[in-house]
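Chains as they are written, first to last, in this note's numbering: chain A, 39 to 242; chain B, -3 to 260; chain C, 385 to 604.
Hints are supplied without guarantee of correctness; some may be wrong.
Unchecked claim - Just some of the chain A residues that point at chain C, by a computed CB distance under 10 Å:
{"#": "1", "residue": "57"}
{"#": "2", "residue": "64"}
{"#": "3", "residue": "120"}
{"#": "4", "residue": "123"}
{"#": "5", "residue": "159"}
{"#": "6", "residue": "172"}
{"#": "7", "residue": "207"}
Said to hold, decoys possible - Here are the in silico distance ranges between beta carbons for each label pair:
{"#": "8", "chain 1": "B", "residue 1": "25", "chain 2": "C", "residue 2": "477", "range": "27 to 33 Å"}
{"#": "9", "chain 1": "C", "residue 1": "551", "chain 2": "B", "residue 2": "134", "range": "41 to 47 Å"}
{"#": "10", "chain 1": "B", "residue 1": "115", "chain 2": "A", "residue 2": "212", "range": "32 to 38 Å"}
{"#": "11", "chain 1": "A", "residue 1": "138", "chain 2": "B", "residue 2": "25", "range": "40 to 46 Å"}
{"#": "12", "chain 1": "A", "residue 1": "42", "chain 2": "B", "residue 2": "86", "range": "44 to 50 Å"}
{"#": "13", "chain 1": "A", "residue 1": "40", "chain 2": "B", "residue 2": "190", "range": "34 to 40 Å"}
{"#": "14", "chain 1": "A", "residue 1": "150", "chain 2": "C", "residue 2": "449", "range": "33 to 39 Å"}
{"#": "15", "chain 1": "A", "residue 1": "206", "chain 2": "B", "residue 2": "197", "range": "55 to 61 Å"}
{"#": "16", "chain 1": "B", "residue 1": "190", "chain 2": "C", "residue 2": "446", "range": "52 to 58 Å"}
{"#": "17", "chain 1": "B", "residue 1": "50", "chain 2": "A", "residue 2": "150", "range": "53 to 59 Å"}
Simulated from the structure, these hints should not be mistaken for lab results. Heads up, the beta-carbon is just placed ideally off N, CA and C, and yes, glycines get one too.
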Amino acid sequence: MSEVWSFFLFAAFVDNMPLTLFLGLCTFLAMSRRTESALGLGIAMTIVLGITVPLNHMIYQWFMAPGAWGWAGYPDLDLSYLALIAFIGLIAATVQLLEMVLERFFPAIHAAFGVFLPLLTVQCAILGGSLFMVERNYTLGQSAVFGLGSGVGFAVAVVMLSAIRARLSYADLPAGLRGLGIAFILTGLMSLGFASFAQMTASL
Amino acid sequence: MAGTDWNPWRRLLALPNESRTKTVIVAFLVSAISAVLVSSATVVLRPIQTANRAAEEQARISDLVRGIPGMAALLEDSGGTLSTVVIDLERGRAAQDITPETLDVALTDQANWTVLEAGDDLAGLGQRPNFTQVFLLREGEDISLILLPVTGQGYGGRIDAIVAVHGDMNTIAGIAVTQHSETPGLGARIEDPSWQANFPGTLIRDDSGDVRFSVARGVATTDYDVDGITGATRTSSSVTRMMRFWLGPQGYGPLLDAIGRGEF
Amino acid sequence: MAERVSYWSTLTEPLIKQNPVTLQILGICSALAVTTTMATALTMSVSLTVVITLGAGIISVIRRHIPDTIRLIVQIVIIASLVIVIDQFLQAYFADISRALSVYVWLITTNCLVLGRTETYARFHGPLPSMVDAFGNGLGYSLVLIVLGGIRELFGKGELFGAQVLPLADEGGWFTPLSLMLLAPSAFFLLGGLVWALRSVRSEQVEPPDHTPPETEPAK
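Next up, chain A with everything else stripped away, as it sits in the complex:
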């Protein structure tokens, strides 16, 4: 159990998607102006990542990994180059399905999420989660924990940034730094802080 927990912490803090892997920065910076939108984005990302990374793992292992078609008599068929298109298809389908389910059964939540869900289809972070899962050869269990952990890490980072920016909106910044400039520098400082987590799992 502690292995699962330490892997979760690794995915959430050490390999933090926006701050260490540079994934999902466009939406990270755009949505961090207000804490409500930041929280909504974080929750939506956790749900979508937690669903798509394990699902993508399964279809990759069954259809596209080298040797996946061995049972049909084509052991050296290597379709891994199609992984990109398949992953995007699955992510788009998942997001669409999630939106439909929410609209039908939880309309209040659907209204709260607003525009985020369709936005997530083309988010580098969601696709990046699946791609890193393939490159690092995670098992199904690891993929699920990685997806959830990454989503939580993203949520923590974006809410933190929005809180800091809310404070800074009253500060007297140089004109050139207002908005995007200071957001980058803040993210850099947060990234520096999160880098210290790297030692946390090295000893686990």
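With the hints as your guide, set chains B and C onto chain A.
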């Protein structure tokens, strides 16, 4: 008013964008054309990719061998080339029916792979091939040098390397890294000759037969360590685990024992 | 009657005036991960520029016949196919750099810049203007990446394109590399600094303040 256009293509284009037929056909055409484009590119380029990889591997082996102190001289004395053989890892001896040429085909058979339990899988491989190709330098009856390909899961992806071991089967003669995806400037320093120069002379196993090799955190302190890479803790520990797996009982351990006993 | 598109301005606007990274906040994701060396930054820039230009061209050609319901996914599939072709090409001829870039080349598919340009421009204009606009944006992106990559490699390792430019202290020179430059945070700081510099020079890009403090009388 023009008559009905019999050209099916023009009829398709004339349909309103929202019609179901057009949606389905456009979706199908886009998918089909993309699939053809992507597949042809891959099929055309794949042979070049494998050829490049093979050429790189050859170059690394020659570089590794030349990098070992005294190696170039040794090679000249013994007539120049390394011999190669496919090894049966479980039994620690030469494979009976498999040659270097037939190795790739043999490895497409799942029966020639062993699935690793979590406790044994130090290098994060999932499964291990039962047969690998190694390179030997013989001096008369004895083996003076053996080159062992190793692989493991690094921080950014697979790490492939070749480890050279001296005739006592316990002293490392050198290492060459043939493939990695580690962070440039940090973990990628495993391909720096200056870091690899730490390896010659490092011992693998202690007197009781346990594999003691490791990449130290910081400067090496014992005969079984090499210096670590600052700022690349995870890459360093991946290398440690990879070496311990392959030089231990799950990897080349049986082979090294067999050679030590003179049974090879 | 549509006005004649000025190709030159379409091409050069995204370089500074409407730079995708520093003004439009597009395409940042991959911009930071691949700028540790100039070689990777350059490869990434070229790959993205090729993908965005060809993608904009293709989508512009079929723009009148894409049903609205599948619009986004059709664009993504076309861009993804181009990305896979480029990636295979890189793996065949530039294997080392391809490994260093790892998944970030594939992430060009969901790069906000690529999709942003096809959604806003290529859908409404002919192939040639779309390709010029896409190429201009690609150049703007490349400019930022190359500047970042250059600074990070120069101060992080003393090299440019792998060639030692500043002699390292370890090897008898005077330059001690700033290892921070090789880590993630430095990219953010540099980009923030770059944005600051640009907006100090071109004040029209400055964002308005969120709150204006109320006028108060100074205490007497």
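Now for the hints, and whether the structure bears them out:
no., hint, in the structure
1, 57, "holds (7 Å)"
2, 64, "holds (4 Å)"
3, 120, "holds (8 Å)"
4, 123, "holds (5 Å)"
5, 159, "holds (7 Å)"
6, 172, "holds (8 Å)"
7, 207, "holds (4 Å)"
8, B:25 / C:477: 27 to 33 Å, "holds (30 Å)"
9, C:551 / B:134: 41 to 47 Å, "holds (45 Å)"
10, B:115 / A:212: 32 to 38 Å, "violated (57 Å)"
11, A:138 / B:25: 40 to 46 Å, "violated (27 Å)"
12, A:42 / B:86: 44 to 50 Å, "violated (32 Å)"
13, A:40 / B:190: 34 to 40 Å, "holds (38 Å)"
14, A:150 / C:449: 33 to 39 Å, "holds (37 Å)"
15, A:206 / B:197: 55 to 61 Å, "holds (56 Å)"
16, B:190 / C:446: 52 to 58 Å, "holds (54 Å)"
17, B:50 / A:150: 53 to 59 Å, "holds (56 Å)"
Taken one by one, the earlier hints fail for this structure at numbers 10, 11, 12, listed in ascending order.
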